[in-house]
Amino acid sequence: MAASDLPLDLDAWLRDAAIRTRHRRVARASPDALWAAAAAMRLDETGPLGRLVRWRIPGLEPDITFQGMFAAPPFTVLAEGERWSVSGLAGRIWTLRRDYPVLDGTEAFLAWDGRGTVRVLFAHGVVADGDGSAIISEARVAPVDRSASLHLRALWTVVGPFERLIGGEALARAVRAAESAG
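Residues in the sequence shown are numbered consecutively from 41, following the numbering used here.
Hint data in this document are derived by calculation from the structure and do not stem from the laboratory. None of these values were measured; they are calculated from a predicted model. Beta carbons: idealized from backbone N, C-alpha and C, even for Gly. Any given hint could be a false lead.
[Said to hold, decoys possible] Distance windows between CB atoms, simulated:
hint : residue 1 : residue 2 : range
1    : 168       : 62        : 30 to 40 Å
2    : 168       : 95        : 12 to 22 Å
3    : 219       : 101       : 33 to 43 Å
4    : 220       : 148       : 22 to 32 Å
5    : 47        : 155       : 26 to 36 Å
6    : 170       : 98        : 19 to 29 Å
7    : 108       : 199       : 39 to 49 Å
8    : 151       : 87        : 34 to 44 Å
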């Protein structure tokens, strides 16, 4: 395992993703300190990313932590370890409605095949990196059918160009928090 890799096989949960994003930030902090900082990061501390998440998932409290968000509906925790977590959700992510079914664990996520929907996987973790650590975030989105594929393509046309700008924002803030704490 390379220092930049999470100790996971994400293909076990979602192999054929139409969209894959990955962000990595290095910190001059211990892996435990970086994971603690990331776990404590709140939506209202992440500017545009927090606002975008709350717009896409109505009803989220602004002060919810990312860890809390990924562990509660519409998300389901698929697996977690000492310094990593994998969560998933399913639904029509392109609508403004809270159009996400409640999935009861890993088997429900793996079996999900609702017409016109996608499955979304979120993996987060911290690994040792030289004298410090690295935080890694990967997201994957897989459409269930052709209709979902067309909707996803339209959504990604709008959102995709901005993903690099906002996707790593929470990680950069977690790095700063871990380094200043320590």
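Going through the hints against the structure:
Separation of residue 168 from residue 62 is about 18 Å and departs from the stated range, judged on CB atoms against 30 to 40 Å. Separation of residue 168 from residue 95 is about 36 Å and departs from the stated range, judged on CB atoms against 12 to 22 Å. Checking the proposed 33 to 43 Å range against residue 219 and residue 101 shows it is violated: the Cβ atoms sit about 27 Å from each other. Distance hint for residue 220 and residue 148: a CB-CB separation of about 40 Å, inconsistent with the stated range 22 to 32 Å.
For residue 47 and residue 155, the Cβ-Cβ distance of about 35 Å falls inside the hinted range of 26 to 36 Å, so the restraint holds. The beta-carbon spacing between residue 170 and residue 98, approximately 42 Å, falls outside the hinted interval of 19 to 29 Å. Residue 108 and residue 199 have their C-beta atoms about 24 Å apart, which leaves the hinted 39 to 49 Å range violated. About 36 Å separates the C-beta atoms of residue 151 and residue 87, a value consistent with the hinted range of 34 to 44 Å.
In this structure, the earlier hints numbered 1, 2, 3, 4, 6 and 7 are contradicted, and the remaining ones agree with it.
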